[in-house]
Every structure is written in C-alpha cells, then in structure tokens.
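Asks: Line order of the protein sequences matches chains A, B, C and D. If you count the first sequence from 1, position 94 lands on 341 in my numbering, and the numbers rise without skipping. If you count the second sequence from 1, position 74 lands on 321 in my numbering, and the numbers rise without skipping. If you count the third sequence from 1, position 242 lands on 860 in my numbering, and the numbers rise without skipping. If you count the fourth sequence from 1, position 351 lands on 969 in my numbering, and the numbers rise without skipping.
Because the hints were derived from the structure by calculation, they are not lab data. For glycine and all other residues, C-beta sits at the position ideal for the given N, C-alpha and C. Be aware that a few hints might be false.
Said to hold, decoys possible - DSS-like cross-link-like pairs, simulated, lysine-lysine; straight-line CA separation at most 27 Å:
hint, chain 1, residue 1, chain 2, residue 2
1, D, K872, B, K390
2, D, K1007, C, K898
3, B, K384, D, K712
4, D, K898, B, K390
5, A, K334, A, K372
6, D, K872, D, K771
7, D, K872, B, K347
8, C, K956, A, K347
9, C, K771, D, K771
10, A, K384, A, K347
11, D, K898, C, K771
12, B, K390, D, K712
13, A, K347, C, K771
14, B, K347, D, K712
15, B, K347, D, K898
16, B, K390, C, K1007
17, A, K390, C, K898
18, A, K384, C, K712
19, C, K712, A, K390
20, C, K872, A, K390
21, C, K898, D, K771
22, C, K872, A, K347
As the list claims (entries may be wrong) - Derived CB-CB ranges, DEER-like:
hint, chain 1, residue 1, chain 2, residue 2, range
23, B, Q401, C, L657, 36 to 46 Å
24, C, D877, D, A769, 11 to 21 Å
25, C, A966, D, S646, 49 to 59 Å
26, C, G896, A, T274, 45 to 55 Å
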Amino acid sequence: MAGLEDLYREIIIDHYRSPRNRGELDTPPATRTEGFNPLCGDEIVVYLQLGEGTGDERVIEDIRIGGQGCSISQSSASMMSMSVKGKTIAEARDIMRSFKAMMSIHESSLDDSVEEPEIEVDEMKLGELEAMRGVVKFPVRIKCATLSWNTLDQGISEALA
Amino acid sequence: MAGLEDLYREIIIDHYRSPRNRGELDTPPATRTEGFNPLCGDEIVVYLQLGEGTGDERVIEDIRIGGQGCSISQSSASMMSMSVKGKTIAEARDIMRSFKAMMSIHESSLDDSVEEPEIEVDEMKLGELEAMRGVVKFPVRIKCATLSWNTLDQGISEALA
Amino acid sequence: MNTGTDTPGTLADPIDSTRIKADFPLLSTTRAGTGHDRLITYLDSAATAQKPQAVIDALTNYYETTNANVARGVYELAEASTNAMEAARRKVAKFINAPAANEVIFTKNATESLNLVARSWGGTNLGPGDAVVLTQLEHHANIVPWQILQAEKGFEIRWIPVDANGHLDLTDLDRFLDGAKVVGLSAMSNVLGTLTPMRRIADAAHAAGAVVTVDACQYVPHLPTDVVEMGADFVSFSAHKMCGPTGVGVMWGKAELLDAMPPFLGGGGMIENVTQEGFKPAELPHKFEAGTPPIAEAVGLGVAVDYLSALGMDAVREHEVRLTSYTLRTLADRFGDKLTIHGPSEPAERGGVFSLELADVHPHDLSQVLDEHGVCVRAGHHCAKPLMKVLGVGATARASVYIYNDESDVDALADSLEAAASFFSF
Amino acid sequence: MNTGTDTPGTLADPIDSTRIKADFPLLSTTRAGTGHDRLITYLDSAATAQKPQAVIDALTNYYETTNANVARGVYELAEASTNAMEAARRKVAKFINAPAANEVIFTKNATESLNLVARSWGGTNLGPGDAVVLTQLEHHANIVPWQILQAEKGFEIRWIPVDANGHLDLTDLDRFLDGAKVVGLSAMSNVLGTLTPMRRIADAAHAAGAVVTVDACQYVPHLPTDVVEMGADFVSFSAHKMCGPTGVGVMWGKAELLDAMPPFLGGGGMIENVTQEGFKPAELPHKFEAGTPPIAEAVGLGVAVDYLSALGMDAVREHEVRLTSYTLRTLADRFGDKLTIHGPSEPAERGGVFSLELADVHPHDLSQVLDEHGVCVRAGHHCAKPLMKVLGVGATARASVYIYNDESDVDALADSLEAAASFFSF
Ligand SMILES: Cc1ncc(COP(=O)(O)O)c(C=O)c1O
Ligand SMILES: Cc1ncc(COP(=O)(O)O)c(C=O)c1O
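Hey, can you work out the whole structure from these sequences and the hints?
Replies: Following this line, the structure appears as structure tokens:
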C-alpha cells in the first residue's frame, strides 16, 4: 500500500500553504474559467491573459488561480500556474499532455481489462510537477490533480475563441 | 402439489368448449365494458342490459360475453353470466363478493407475512361456481378467474351511471 | 457480424451444454420441498436467463469484501468499489465493441434505457410534423415511451409491417423514412426470433436524417454484437437476459449524441455543480447515472460478460442455430400441422425463440400442463400486443433456449406438448 | 414517532453492536491481499450501509432456487419468484406503515423515486405562477429533478433556510407556502443529521393546498417510520442505506394521488393494453414499474426489513441516540475548538451523521489520513452543494454511524483525527 508520504510530498504541502499566482485578473482583457470536481466539490478558477499573436503561438502573459479545494488540487493548480506562465500555448499544451499522461497511465493500470493508448511521458517537460507522481497511487485523487489542468485547457479554448 | 384435475374440472372444460351467453347486445340500450388481464392478454367484454328501477334493485335482464382467453377466464365468464342473469344488482354483488372471497382467501394464504381481512365465503350463493375453487391452488390463474367479475363490476357501475 | 452458421452438423457443437448446465445451480440441483423435486426444463431465457455460479459468487464477494458507495469516497474501500464498477463498464464496452467506455450508461433495465433515449433525445428533438418509425415487432418497451412522448409533442408514429414469415416488410421503407427523425428497431424479436436487417435500415435511416435506437435485449445475449457495425446510434439491453443479475441494464449511445442530450434523471452523481439557481450536468457517463448506481449488479454483469466471452459469442450463436434447427425439425416431425411455430423458418434468420400454438389449446392452459411436466415456457402476449394483433392471436406459448439448453430439453418440450394435446382432448 | 430517547445511560443499550458486527462479513473479517489486512472502522453508512449475511444469502438463495421473471409466467418457478417479490413489497409496506401494499413502488434508488414524483406529479400539476418549496437541507436528488422540470414548466422554486444550528428556520413558513403546490422535504439531513419537523410542515403545506414529498433516505434506515403519521404524500428511500442491496429503492405514495398521475416510464408490465394507437396503464403498483423489476434486490430488501424489524426500530434509534451523545461528547472533549461539528448539538434532534472540520485540514486530506488508519469517512459536498454554500464550506468530512457501530469505532475515529492533526502540522 502506498504511504501518505508518497502523496503529501513536502513540495506539495508547500504549494498548498503558499499558493503561487493566487488571485484574479481583470476580465476582459483576461478570461475567467471555472472548473469543478463534481465528486468532491473542489473548485478552480483560472484567469488567463494571452499576448498578441495567432493561435498556439500566443504567450500566456499572466495567469491567476482562484477557488478552493484540497491540498492536491490547490497545489497542482499552483504548480501549473508556474509551469505555464510565460510559455506559448503550444508549449503549455505540451506540458499538459505530459502531465496528464503521467496521471492517466497509472490510473488505467490499476484495473484489469483496460486497453488505453500508452502515452509517452516526457519527463523533461514536467520539472517540479514530477512531485505529483505519487498521486497516481491514490486514484481517487487523480481528479484533484488534473482539475486545474482541465480548467486551463478549457480556458485556453475560450481565450483563443 | 395440486394436480391438473383440481384446475381443469369437467364443468370448467364444458363451459370453455360451450360458452353460455356468448355474443353481443345492442349498445345502447345495453352497455359494453372491456376488461384486460394485463399479464397475459386475456380480454373479456361484458354487455349488460338492466331493467327499470332504481339503483341496486334493478335486474340484470340480459348479459352477453365477448373476448378471448384461456379456459379458466372463458369458463369463469360463462359461469358468471349464468349466475347473475335475472338477478338484481344487489344479488349479483353478493355473488361477486362470495366468489372473490373464495379466490382471495387462498391467494393470500400462499404467502407469508400477509394480513388481509378474512371474508366469509357464502357457499350457498356460489352453486356451480364452486367448481372454480381449484383455481386458488394455482395463484397465477386467479386473475384469469376473476377477470370477468372485475369487468362485470365495472360494467354495473357504468350501467348505473 | 456472423448471424448465420457454417453448415451445422458437420462439426461438433462448440458448446457443451451438459457441462455448462453444471455451472447453473438452479438448473443442476433438485429442490425438494419447493415442489421441485426434480430438475426443471428451463425454456424461458427470453424472459430472463439463469445465472452461473460465478455471477452469484461475484455478488456475494462484492458485498463481503468491497461494498461501499462509488465515485465520491476517498477511502480505499470506496475506491475498490468504484474500480470494480468501472472495470465492469469497460468489459461491457468491449463486449459490444463500443468505441469508448464512457458511452456505456448503466440503467436499471433495458426499459429505462429505451425511456432515456425517448425522453432525453426525443423530448429535445421531436415536435409536431415529425415522425417516429417503429416496427410491428417491437416490445412495449420500445413503443410506450414513444406514445407517452407523442401525447406531449404531437409527432406521428409509423409502423414498419411484418410479413407472413415474421420478417419486416421493407417495401415501403423509403416512404416510412421520409420526414422521420427516429427509427426504433428491435434487433431480434422476443416473440418470433426474427433477426432484423439492422444495418440496412440504419443506413437508410441515417440517409434520411434519422437516428436509430436499437432494442438489443434479445440480441446481445445471443449473438456477437458490434454496435458500430450495426450502425446504431443507441443500443439498449438488460443484464438479466445475459446471465447477469436483475436490476441493471445498459444504454450505449454515441458520445456526440449523448453529449448534446439533456440529462434524464436528476440527482447526486450526475452534476458538475448545483446552486439554488440551477445545475450543470457532469461528463459522460455520470450525466446519465443519477443516484447510487446498481453497483453490485454492474459488477455481476461484468462477470456475466466474462462468462459469455469465455464461451465465445460465435460459439454461442452456432450452438443456438443448431438447437434451433433441431427444435424446428423435431416439432414439425412430431406434431405436423397440429402445431404452429410463428416466425422465420430458416435457423440462420432467427434466434432460438419459438412461439407455439397447439391446436385449440389456449397458451395459458398449455403452459400450465407443461409446468406439470417440469417444462417452463411463457404464455401471454410477451409485451408485444401490437404484434399479437398482427399474428391474429391473443397470446402464444413461447419456448426459448440458451447456452445451457440442449436436445434433451427440446425432447422434454415435445413430450410435454404431447401430454398436453392428449390431456385436452378429453 | 419517537425521535427522542428515554434518558440514555440509565438503561443498557438495546443493541449489542459487537454481536451485530458478527452478522456483517465485511466488518468482521480481515481481507488480506486487498490492502485490508485488519478490520476496518466503517463510518460511512450515510452513503451506503453494509449488508448482513442474511441479506447476502437471500440473494444467493433467490438466484439458486427461485430466479424467473415475475408476473407474466404461469409456471411454478415464475410464480415463486413473483410471490417472493410481492412478499417483500408487503414487508416494506408494513415497515413504513403504508395503508396498502400496492402503494409501495419499487424503483432503482431513491433518486428515481424522487424523479418519479417530480416528473409524474409535478409534470402534470405545475405551471407558470406556481411555486415549489424546497429546503436548504436538500440532497441534489430532491433539487435537480425540480430544476429540470422548472426549465420546462417555468414555476418558482423557494428555499426554506437553515439556521445556525442546522435546523430549518420556519419563521416565514406561511409566506413560503402561499401559492405553493409542492413541498420537497428531507426527513433527516445527510450532512447535518438534522431531523426536520415533518408533521408540522406537512400540515401547513396541506392547509395551503400543497402536496408533500419526503426524502426519507436517511430516516427510514434509522428511525421507526410511519408514513401516515408523517403526514407525507410521497416518501422516497433506498434499500442500500438500510442493509439492503444496491439497485432497488422505494417510492411510497397515497393511492389516490398515484392513481391520478400519469405513468413515469413506459414499457412491459406497466400497461393494461397497448395498440398501435396508444396504451392504457395498469393498476398500482405495476403502473409505475416498467420493465423487469429489480427482483432479487427487492427480495433482499425484504430480508433487510426483517433484519431491522427483529432488532426493533425503536431500539435502533435509541442505540444511535446513545452513540451520538458519546460521539459529540468524545470529540468535544478531545478536540475542543479545533474541531467543528456542524448541525444540531442535541442528540434527540439529530441522527448519527457528523460533518467535521478539523482546523485547516481540508476534508479530502483528512479522510485520506483517516483511511490510512482504517477509518472510512466520506469527504466532499455530500450531494448538497446549496447547503455547503450556506455553511460557507466547499466540503466536509462526514462520519456516520449505524447499528454495527459502537464506542470503539468512535474512539478509533478520534484517534485517527489526532493522527491527522499531527500529520498536517509539519
Ligand atoms: C438525503 C438523501 N437523499 C437522497 C439520496 C440519494 O439516494 P440514492 O443515491 O440511493 O438514490 C441520498 C443518498 O445518497 C441521501 O442521503
Ligand atoms: C425485445 C425486448 N425488449 C425489451 C425488453 C425489456 O427488458 P427489461 O424488462 O429487462 O427492461 C425485453 C424483455 O422483457 C425484450 O425481450
């Protein structure tokens, strides 16, 4: 059985206690996107301010996080905000893909009879986000970890629209 | 276990093969009432022609039976038509009560944990209908036996209305 | 899909029903004191199938080791319970070749599944001037939900007729489909055994702009199922007819349609957010699974799927084609014109469901006598009253076979039919 | 109804939970290899209850000896199956003191029951200008069905507020009821444990001309229930929270109301006749039971009712009042202000459901640590998001007790809470 230390790495607790990029941005020009974890009530709000340009080449000039939830969802959102700030949409999507791959490979391997496509995890892109790897041993919490990323995904679509 | 002979008494088979009062009556002056056994598709049509008078004192001057179904539902309808023809509504209701009591006492005793009111069966009123007693050992068929009576009951209400 | 067979008789039956019967406690043990002091001949699998020990054990095991409410619990037991149910969902998805597991919705039975489609898709997309096309083969479960909706929305219902051999008469298909928005279609008739040309009808329906909702209650338990190949948009079936428990059914639907539909039942588990002002539905499959799902039942269905998959659905189909041939031959040989068997006469065109009429013995009386001989068949309208009317009967006696039936069961049926014929000739 | 208690402490607890635990396999056996190599402390019965051996055995027995589809079969096995289900219906009727067994409708869960009431009664009787009165205590199952209907019918929804102690604030009841046609009311909150003054509200509602639909999910399993005394028109609950199987719920309603309502789901079993032109619904209870019912599950519910009746619901209630006192006292003694317990402080005014907030530890994280100590509690919004908003929290950690819990479970909870407090203080 996985121990609590696998889940609650120090860096996670640190982001939970001192969340980065917490706050709001003026909308417009920024966009505001809400995400819910319907199973537990965690809420994440992502504010996005993109730079000029076209499509995936636009840069995430600023990002702010609101909402409330458990240590995993809040620290994940905080880490996410750091990892994508200043990146282009394309780069942010790359990181997102790697992060979700890290989460979902393990999610599926817990069950029998699953055939989901194996996605390569690009560890280089993850950096500090690697600390979240322990979450996959607690499958119920995966949704906590991915909530902010799903909200970001939706936010990007809205910002580009 | 009850044997088939308990169910298929000769008199029942006789009524099935040679149904009495089979046919239709002109409506109006007669009434026409349909009954269905939703579980098996048996259908009974009861035509009623009441005499003059008021309420329960009116006489069932004529009755005809239509529809289709199994030997039990058809013979029961045939016997019923004989037993109520020429009787007042009040008398017919008495017979009906006795017949249903005969059916339902046994229906309930088949199950545990039942508390239904015990109704006295007035055997004097039943006459030939007594032959139906064997049906109660085959509870699924009770609904076949009571279908025509329930249709009569409804028909009387409609005729009096 | 292989709905036919490869020259039955030349190879051995791929299913050893004697061995299989031993897996089914109700069929392999006598029950003294219950009036059943002998083995019964169970020929009512079209109503509900018996359950193998593995499925019964799965329920016991679930309640003894894993029971907890799903999806909302952080603790390990709740997680195990959720995993067990989601594993069952993936098994079902694979069994019917669904493109994605979240397109598999657990309902309480096929009837709820069909109501869900009618209410949620139909309630949103139908209005006066529209048409819903059904067939005269349909079970009430694929009729009444549309009639309920019709009263509210005022569309027209059209009926594809059945011909004298129990097949759908598609002569006027194009005319029927003109202006149709929905086609409701049974994949196999529960009265006649008719296998319908689903793909042909589905393609025509789609060309006409209609969605296709398939009642596969009698199909999924008996034939290899591929919802994509079928061409269906929605496919509904019940666990209890395929060796699974009562209390759970399946509604498969194309994700793009399901995503666009409003939820059916409201409550816990199907929401993303609720305020006093309103709610936002959750993602698939949860959107359509309000309240505590039939958890143990879904797990049991998963094990039933394992059981059938181990036999192989091609083998199941071949076994039933053989047994159908044997049944049609035996009954014709022994009863000739005295016995009518409704429906297609070609085994490759039908399943093992036999609606019987024996001379002038009413089906109820017939099945009563059969029961006296330990032979269980169903008498009645089989929830297909419009079809009864087409057949010109009020009821039929229906015998139906499954994996655990073999020639000896058919022989017992024939023997008891003879006994009935002689009993009622007094 | 006795919702209070006779001086707890002066007499012995009428329920011997240690003996009772032995009846529940999941609670009395360790499960090596599953990560559960010790007994667990199950404190999530408000989500779902564990099942006694008798209920599990009833399912096995049903499938091994009685399995057949109900109501339509003439043969003995089908009759035995029908009798078993109808006997369960009568047991349930007696358990809640329903005037007639045919007022007891088997559904798939309480959520379906509540949707049935909203759609079938509400769909027929509500329109613009009408009002539906709910309480801020409601579970989503008694909120979302009304919101779905509201979008279609355009009535107003009003909310009876909750006061600081977790009780309903009835100050403005008359104003709320003015023009109301429905009152939807939880008999006991699944978050706060609050017992609501049902009779008072029901009488006022009836005086105002409204019907009362009671969500009794958390009530029927825990207190003696008398639907007549409650003053309710409809009462909904689930089997799985009262030691019964998943996959079956109950909707009780007054016959005169049910008779006047249109059917909910359409299909087999709920009709008296079907033609291509339309259908005529069957009598109660069948009218509301479309399709193959949860047969084994209903039988299992009947056995759960037997089990609870043998204990005596007065005894169950007294046991829980005692355990509630002990819990409130223990937690207050050991944690003081560090731990908030939402809801009424008087054991006589509440059930054994404890929504906890421990300092700044998020409920999810809390329940994760508790699980590490084998203590199962639920974290989240408990399908009561509007209530969460009133409480000013996003989630709570909820511990809930039942017949098999005793002081030792509460002590284990307290120990693990201490462990959590120290783990998160690093
Ligand atoms: C108060 C209350 N109402 C309704 C429900 C819904 O019950 P079910 O999920 O069994 O439909 C629950 C349980 O989740 C509940 O606690
Ligand atoms: C063809 C067909 N459709 C629908 C149903 C309804 O299935 P259920 O009663 O499990 O909802 C049945 C079985 O009764 C069936 O045979």
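Asks: The structure should be examined with respect to each hint, and the outcome stated for every one.
Replies: Going down the list of hints, with the structure as the test:
With a C-alpha separation of about 24 Å, the suggested pair D:K872 and B:K390 falls inside the 27 Å cut-off, and the hint holds. As the CA atoms of D:K1007 and C:K898 are separated by approximately 16 Å, the hinted pair is consistent with the 27 Å bound. Restraint check for B:K384 and D:K712: satisfied, since their Cα atoms lie roughly 26 Å apart, inside the 27 Å limit. Taking the CA atoms of D:K898 and B:K390, the gap is about 18 Å. The hint holds against a cut of 27 Å.
At roughly 12 Å between alpha-carbon atoms, A:K334 and A:K372 fall within 27 Å of each other, so this suggested pair holds. The hinted pair formed by D:K872 and D:K771 meets the criterion: a straight-line CA distance of about 24 Å does not exceed 27 Å. Distance hint between D:K872 and B:K347 is fulfilled; the C-alpha atoms sit about 25 Å from each other, no more than 27 Å. Annotation: proposed proximity of C:K956 to A:K347 is violated, straight-line Cα distance about 68 Å (limit 27 Å).
For the proposed pair C:K771 and D:K771, the alpha carbon gap of about 14 Å is at most 27 Å, so the pair holds. A C-alpha spacing of about 14 Å is found between A:K384 and A:K347, which places the hinted pair at or below 27 Å, so the restraint holds. For the hint linking D:K898 to C:K771, the alpha-carbon distance of about 18 Å falls within 27 Å, and the restraint holds. Taken as a hint, the B:K390 and D:K712 pair is honoured in the structure, with Cα atoms around 24 Å apart against an allowance of 27 Å.
Distance check on the hinted pair: A:K347 and C:K771 sit about 44 Å apart at the alpha-carbon level, beyond 27 Å; violated. Only pairs whose Cα atoms come within 27 Å are accepted, and B:K347 paired with D:K712 is accepted, the gap being roughly 24 Å. As the CA atoms of B:K347 and D:K898 are separated by approximately 24 Å, the hinted pair is consistent with the 27 Å bound. Under the criterion of a C-alpha separation no larger than 27 Å, the hint pairing B:K390 with C:K1007 is consistent with the structure, at around 22 Å.
Using a Cα cut-off of 27 Å, the hinted pair A:K390 and C:K898 holds, with the two alpha carbons roughly 18 Å apart. Of the supplied pair hints, the one linking A:K384 and C:K712 holds, its CA atoms being roughly 26 Å apart against a limit of 27 Å. With a C-alpha separation of about 24 Å, the suggested pair C:K712 and A:K390 falls inside the 27 Å cut-off, and the hint holds. As the CA atoms of C:K872 and A:K390 are separated by approximately 24 Å, the hinted pair is consistent with the 27 Å bound.
Taking the CA atoms of C:K898 and D:K771, the gap is about 18 Å. The hint holds against a cut of 27 Å. At roughly 25 Å between alpha-carbon atoms, C:K872 and A:K347 fall within 27 Å of each other, so this suggested pair holds. Our hint of 36 to 46 Å for B:Q401 and C:L657 holds, since their Cβ atoms are close to 44 Å apart. Range check, C:D877 to D:A769: Cβ separation about 18 Å, and the 11 to 21 Å hint holds.
Between C:A966 and D:S646 the Cβ separation comes to about 55 Å, which falls inside the hinted range of 49 to 59 Å. The hinted window of 45 to 55 Å between C:G896 and A:T274 is violated, with their beta carbons roughly 22 Å apart.
Hint compliance for this structure: hints 8, 13, 26 are broken, all remaining hints hold.
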